[in-house]
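> Use the sequences and the hints to build the structure in full.
In case you want the letters, here they are:
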Amino acid sequence: MLIFILSVMVVVTSAGVFWRYGLNSALSWSEELGCYLLVWVSFLGAALATSRGSHIGIALVFDRLPLKIQFWIMVIVDMIIIFFMSSIFAGGIKILPSIHARTATTLPIPMSIPYLVMPFSAGVIIFYILVRLITGFKKRNDQ
Amino acid sequence: MNYMFFTLLFIFFIIRMPIAFAMGASAAVAMLFFYDVPLQVLVQLMFASNESFPLLAVPFFMLAGSLMEYGGISRRIVNFASASVGFIHGGLAHVTVLASMFFAGISGAAAADTAAVGTLMIPEMKKRGYDPGFASAVTASAGSIGVIIPPSIPMVIYGVISSTSIGALFLGGIGAGLLVGFSLMAAAYFISRKKGYLPESKFSMGLIVKSFKEAGWALGMPFIIIGGIMSGIFTATESAVIATDYALIVGFFVYKELKIRDLPEIFIKAAITSSIVMFIIANASVFGWVLAFQQIPQLIAGWFIALTDNPVVLLLIINLLLLLIGTFIETASALIIFVPLLVPLISHLGIDPIQFGVLMVLNLAIGMLTPPMGICTIISCSIAGITMEKGARAILPFLLVMVIDLLIVAFVPFVTTYIPGLFMQG
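Going down the list, the sequences are from chains H and R. Numbering of the first sequence is given in our numbering, commencing with residue 1 and proceeding in unit increments. Numbering of the second sequence is given in our numbering, commencing with residue 1001 and proceeding in unit increments.
In short, the hints are calculated from the structure, not lab data. Built from N, CA and C at the ideal position, the CB exists for glycine as well. Keep in mind that a hint or two might mislead.
To be verified - To list a few chain H residues with every Cβ distance to chain R over 12 Å, as calculated:
1. S7
2. A49
3. F137
4. R140
5. D142
Stated by the list, open to error - Straight-line C-alpha distance at most 20 Å; calculated SDA-like pairs for lysine to any residue:
6. K1259/R x S7/H
7. K1390/R x D63/H
8. K94/H x K1126/R
9. K1269/R x K68/H
10. K68/H x I1015/R
11. K94/H x L1314/R
12. K94/H x Q1044/R
13. K1269/R x I5/H
14. K1269/R x K94/H
15. K1269/R x S54/H
16. K1126/R x F1010/R
17. K1390/R x A59/H
18. K94/H x P119/H
As the list claims (entries may be wrong) - One-sided and incomplete, this derived list gives chain R residues near chain H with beta-carbon spacing under 8 Å:
19. P1018
20. L1039
21. L1045
22. E1051
23. S1052
24. F1279
25. L1323
26. L1324
This is the structure:
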């Protein structure tokens, strides 16, 4: 899905440039669509980056701690992220009805469609982290 | 309240919570439990920070960079650089710096620059008996030029936050980037002389012409980007998408090294690396909201002005602060937190915001070399197969050179304002 959105983003923005310079009549909607696609790619990508553990953190102190403490710190970090993402999830759901009434500036869609990515990606991040926690505890019990 | 907020952030950093989550979560705690801000505001702030046409340049430049890497372009650039400067003492080191400078004209990220040139050059240098520490240090410091020579993702971010022209920032980066590149080559020359690294090849005009022809399409890319912006035809975002299209066309039809089946991997990679930056931006905007709510920028600006009203001293202090920040905080978050804080102060001092933007990016580029958050050193050390400690020690002479460059950029505005002045009025 990420690949698809990014490809559409390239096509839409290229088309915007082409229409403006090649055909001399600017497409009104390509910029706005590009922006919403960017938001989608960014938050979905952030969810995928979470599952691959590629968000950047400062490991200076952490790496010098004993493994047992590292494990519990990781659990605490994951719990805090779950708390934070749950508030994004709840806020994202709460905002949908009020924002549904608004229409995008140049596109004939309600604003709830671009905003849907917020609760969706927050939900995906929570899911990934729960999976990570459960597999972490399982591994620990097996040892 | 202030102390608690910063303590929380600090604890989150220490326990290795990813920076984006650490900023977002500490801000969320402050907003929800202390200011009673509804959850919806949190969501709106994050959404709005990413909904920006200029920031579309971020994924596009990432995509163009990785397309060029897969399309056989980095190898041709290295060949051309090798023919151009391989005959100097310590030839491979110069090749690395020059290739990084060309690559910087294509990609907007220092990490991509370091990885692309490093995977080709570090093994080569080790094979010829160069010290791995030296090889890694040259590659990392040259790679940091990736964000100074346009295009540059940090400059896009600076431009968006401070509402200065991204095109002018790009043009300002050219002078600074050339300065850093040539001074690094000078440093590499003296070290190579001392260590007895020999020239690689004889000077041959024929070889230069031949490799130039092969690399011509790749070298054309920076001219499209910079030329398009200089002449005012494209915005930065538009030039980024043109660069992506150009990389696709050259990779598929000219060099024919790009394969359809590589595309999903390239797209996913570009999407993830740009999301990491964009997600930091989203969380930093929430964080910035809390800072602004607490009027912390005004507080800090007040301290600075109370400290001294001498612009030269103040600029020195700001540089020192930025170097320190660059060492501990990742580039995008540093920009989002500190640009709104420092830019009003800078205009108060009568310093050109373009010059300051280049200066700030250069500062943070130096921060990419110093552990713990030195992304370029981390990458080059892992390619060279040495420890961070060893890599960090070898990088010291280059770091010194870059700090001298920094002072030149800070106190000689000509370096950064001459080229933009040629093309832009007012």
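> Hint check: K1269/R vs S54/H, CA-CA at most 20 Å. Holds or violated?
holds, 11 Å
> Mind checking the alpha carbons of K1126/R and F1010/R for me, to see if they're no more than 20 Å apart?
violated, 40 Å
> Should the hint that P1018/R touches chain H count as held when the rule is a Cβ pair under 8 Å?
holds, 3 Å
> Checking hints one by one. Is E1051/R an interface residue toward chain H, by the C-beta closer than 8 Å rule?
Where the cut-off is 8 Å and the nearest Cβ of chain H is about 5 Å from E1051/R, the hint holds.
> Quick check for students: does the CB of D142/H sit more than 12 Å from each CB in chain R?
D142/H clear of chain R: closest Cβ-Cβ about 24 Å, beyond 12 Å.
> So R140/H supposedly isn't at the interface. Is its beta-carbon more than 12 Å from every beta-carbon in chain R?
holds, 18 Å
> For the pair supplied as a hint, K68/H and I1015/R, is the alpha-carbon distance within the 20 Å limit?
holds, 14 Å
> Between the alpha carbons of K94/H and K1126/R, is the straight-line distance 20 Å or under?
Answer violated: K94/H to K1126/R is near 58 Å, above 20 Å.
> Starting from K1390/R, check that the Cα of D63/H is at most 20 Å away, please.
At roughly 18 Å apart (the allowed maximum being 20 Å), D63/H and K1390/R satisfy the hint.
> Are the Cα atoms of K1269/R and K68/H separated by 20 Å or less?
With a Cα-Cα distance of about 33 Å, the restraint between K1269/R and K68/H is violated, given a limit of 20 Å.
> Given the hinted pair K94/H and Q1044/R, is their Cα-Cα distance within 20 Å?
holds, 11 Å
> Holds or violated: is the Cβ of S1052/R closer than 8 Å to a Cβ in chain H?
holds, 6 Å
In this structure, the hints that do not hold are numbers 1, 2, 8, 9, 11, 14, 16, 21, 25 and 26, in rising order.
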